[in-house]
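Novice: Chain by chain, the residues:
Protein chains: 2
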Amino acid sequence: MTGKQGSTADETAIPVVDMRRPRWGDPARVTELPAAAAALAGDATEDRGVAPEAVTPPAQTVPSAVRADLEALVGTEHVVGSDDARVQHTRGYSTPDLLRLRIGDASDAPDLVVYPADHDEVVRILQICAAAKVAVVPFTGGTSVVGGLAPDRAGFDGVVSLDLRRLDRLVEIDEISRVATLEAGLRGSAAEALLRERGWTLGHFPQSYEGAGIGGYAATRSAGQSSAGYGRFDEMVEGLVLATPRGTVELGTAPRSAAGPDLRQLILGSEGAFGVITSVRLRVRPAPATRLFDGWRFDSFADGATALRRLAQDGPLPTVIRLSDEVETAINLADPAQLGGESTGCLVVTGYEGEEREVLRRRDAASEVLVDAGGTALGTGPGESWRTGRFAGPYLRDPLLDAGVLVETLETVTYWSKLHELRASVTAAITDTLTGAGSGASGPNVTASGTPPLVMCHISHVYSSGASLYFTVVAPFGADPIAEWAAAKTAANAAIRATGASITHHHAIGRDHRDAYHDEIGPLALEALRAVKATVDPDGVCNPGILI
Amino acid sequence: MTGKQGSTADETAIPVVDMRRPRWGDPARVTELPAAAAALAGDATEDRGVAPEAVTPPAQTVPSAVRADLEALVGTEHVVGSDDARVQHTRGYSTPDLLRLRIGDASDAPDLVVYPADHDEVVRILQICAAAKVAVVPFTGGTSVVGGLAPDRAGFDGVVSLDLRRLDRLVEIDEISRVATLEAGLRGSAAEALLRERGWTLGHFPQSYEGAGIGGYAATRSAGQSSAGYGRFDEMVEGLVLATPRGTVELGTAPRSAAGPDLRQLILGSEGAFGVITSVRLRVRPAPATRLFDGWRFDSFADGATALRRLAQDGPLPTVIRLSDEVETAINLADPAQLGGESTGCLVVTGYEGEEREVLRRRDAASEVLVDAGGTALGTGPGESWRTGRFAGPYLRDPLLDAGVLVETLETVTYWSKLHELRASVTAAITDTLTGAGSGASGPNVTASGTPPLVMCHISHVYSSGASLYFTVVAPFGADPIAEWAAAKTAANAAIRATGASITHHHAIGRDHRDAYHDEIGPLALEALRAVKATVDPDGVCNPGILI
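Here the protein sequences line up with chains A and B, keeping their order. Mapping to the UniProt record's numbering: the first sequence position 155 is 155, numbers consecutive. Mapping to the UniProt record's numbering: the second sequence position 103 is 103, numbers consecutive.
I should point out that these hints are in silico values taken from the structure, not numbers from a laboratory. One or more hints might be untrue.
Unchecked claim - Listed next, the in silico SDA-like pairs over lysine to any residue satisfying Cα-Cα at most 20 Å (straight line):
id: 1; chain 1: A; residue 1: Lys418; chain 2: B; residue 2: Val171
id: 2; chain 1: A; residue 1: Lys133; chain 2: A; residue 2: Ala72
id: 3; chain 1: A; residue 1: Lys418; chain 2: B; residue 2: Asp174
id: 4; chain 1: B; residue 1: Lys418; chain 2: A; residue 2: Asp174
id: 5; chain 1: A; residue 1: Lys133; chain 2: A; residue 2: Ala534
id: 6; chain 1: A; residue 1: Lys418; chain 2: B; residue 2: Ile176
Nothing here was measured: the structure is a model prediction, and the numbers come from that model.
Bound-form chain A, shown alone:
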């Protein structure tokens, strides 16, 4: 979803936002529903649900002796059990998460929120909680959309949310080697600001950028909008430090090595199940002097995908490269006519960042490929429009929910040869489920005015061998939106796995993708992961029920 409102001309202008659940993002940037989106809402009445301050979490269950130990360790003021703090650390930002809070359900609230000062305190907190059988959820930005912050409480004497916001230092920059050590609690936007002051950039701009933190990026294998140029977050990680109930694991002796398995890759993506990542050493790049964003029109998604594949396989790769399908193209452009042609066609956005001469050279070479592949240049307008609006999309979710329309996203990744089958299959699974197709009856997700669900798709991350597919679903909801979406999501997951694709490209596993993940890696690999967990977390208190 790529709205156009907002004025985020530059990612360095994005402040660190203390988001207030259930609504997304900077309270100062709360948006009204644009006319185009309001039309989707049909005749639904506005209903903002239970106010967050009226939501009451369940009674605390962490033993008082444990709380006293934690207070003695980190200071009384850094152990908070208020309703507000607990609600603000409840679940993440998936649509079901938002819907649950809107009906006043804070059943997944942690009992306590603990704010450690440093790595050693994190290790000690894990040890205290392990001894007391209290579960621990690492928390940076709280922006999970896969249930990664809602552990399984069964068998535990409570849940502690371990909020890392005090681990917020840029520890060191090695300018010769272009690596920077950042603490895990730094929000992405704060990390970027610290690096920019010194002339560097991380180049990691996921849509969660306003809220998400460095530790979360690492624990979930985040991928940002500029992944073609700067790489996925896991590719940026040169080293990391993990706190576990059994002590510290420190990895990343050298950039690359043949010294056994790459254990960094065992911790990246572990989603708190093996402990808490407290700092990472990251590759940095010079802050770009120049950037240019262009728009291109292709007649079809297939033509656009072929063009992207050519750039991914033979280069040159832009810094940003995206392809929207016909539906997303039509919805997101204020004036789809600007694409010309008989039909709307499909919009490709290309962005180039770096030193001016190199940017121009790369843009020329990529443009030559895009023209050869059938693209029509649209100039910088649509590209700049995407760039300035790229963090605005999520702000539409709350007003749409208020108006009875759910908007949710899901994503996957596969090889190029399977991409079109995957897209067709997932689109059909979602659409059919939401409209009740196949049951012979009209489904719940059609308004009285007959507006059906919209299923949009784009490619935003490309590799030599394949690409991601990102789906945005906008659908009016009926009496039980949580169940309605759950059915669509289940159908989408089944379609993804049936084509052999991965259950997630960058949203991670959490609880929502757990079953599909276990199917994806198979029983013996899962057993090996459980053996690793049993080694570093023998009491199983680290984010139980997440991932494994």
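Given the structure of chain A, go ahead and fit chain B onto it with the hints provided.
Specialist: Only chain B this time, still in chain A's reference frame:
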């Protein structure tokens, strides 16, 4: 070590070689010692040691019932217990390995060599051996230089060498996604030939290319001479299939994914300790239409390293990029005067492969950087000389040993900011140990004519954040060359770890680097690896004593 003899103009001209231990490579290409190298040998007498056919391995210990089970599974002709087969599967190609066979020591010989036909037979062999407490060593090219083929027999009823040469199929090419599935027993050169027939290349050319196999590349995280352009072998792997005593693990659903830890990276580099990799799905590229190799002169290693760093960090990266220090430059050039200047200086070789226009563009842009960094262009002569001789170096090892001179290599990798400290420290450690410096006495590794050991160094693999260092040591040996080298190697390992570098960039761990490796990853990570091994190999029969 980069000799100049031989006529290997193209890697596709390199046949699959059935190397005959202890000597390296194609028997047809056995070489005489060039005059320059003969000088190093001083007045030593030629001694070729015990002939391989005269080496007798110890009595077999695998129970006959186990042998019968294996024969029933794979066929009698595919279970071989001859002295010749056992000697040919004994250890690898490190200098101590060669020296031991030269004195008739085949104490590490496997009891049986088994040649399975496919993945399922590999699983069954592992199960038969696990039940019987017989250790299993996977074997493709047998070119390990770190003791990766010499498991610890203690506690086992024998050792089986599992030779994968019958798993030699190119299973599938997905030309849209540019991935090819290759069986693990394919030699690198055979795999390349199969791919070239269809217009593709893997682009993986380690110095072991004539002998080493696909499974070995994956199990040891090999890196080839063209890693700057084609990537390390681990970067090429999109998927893999692992046979374990507890069944099969199949990984690589998608090119990249946020579905938990990247478990491919747990198997890559596992060196047979978790089972046997039986096939890999690899990224392939179009076979290059054009290639160009250039030589450049830099005044010093530091200047050359800065130039390489600029290319690695800001591009464009050549396909091949190497920097030799002053000693290696002087030794390897037939006519060092061709470099001009007061001193020999340091040779940089750059190579570019691909489509012609892109090759020329990349070469122009890289040359501009090299000139700006102080390099003097030497034309294509030295580059082509390196390219055509690049697989010839190891052929010098045997004649040098015959003449009383050991030649051995070791390698490491670190961040750019630590590179020069690492080089100085390792060079000093080796030189001091071999000459007995510090003990007040002249060491053993100086000939009667006073020739001291030569320690040469080059950079051959570069990353944004760091680079490899590869050392070649040439030293006359005394009465106990195995002990003399062991002392130097121990000192080098200590120097590597003391500067915080990794114990290996692409040679892997085996038994020789095990202690340093355990120091490098720390006790808790080691415990996690052992937990993984206990899960997939509960009887511990998979290459015991290797890695973990």
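Novice: For every hint, state whether the structure bears it out.
Specialist: For each hint, the structure was consulted:
Proximity of A/Lys418 to B/Val171 is assessed by CA-CA distance (about 18 Å); at most 20 Å being required, the pair is judged to hold. Taking the CA atoms of A/Lys133 and A/Ala72, the gap is about 18 Å. The hint holds against a cut of 20 Å. Restraint check: the Cα-Cα separation between A/Lys418 and B/Asp174 comes to about 10 Å, which is no more than 20 Å; the hinted pair holds. The suggested pairing of B/Lys418 with A/Asp174 holds, with an alpha-carbon distance near 10 Å, which does not exceed 20 Å.
For a cut-off of 20 Å, the pair hint linking A/Lys133 to A/Ala534 stands: about 14 Å separates their Cα positions. Restraint check: the Cα-Cα separation between A/Lys418 and B/Ile176 comes to about 9 Å, which is no more than 20 Å; the hinted pair holds.
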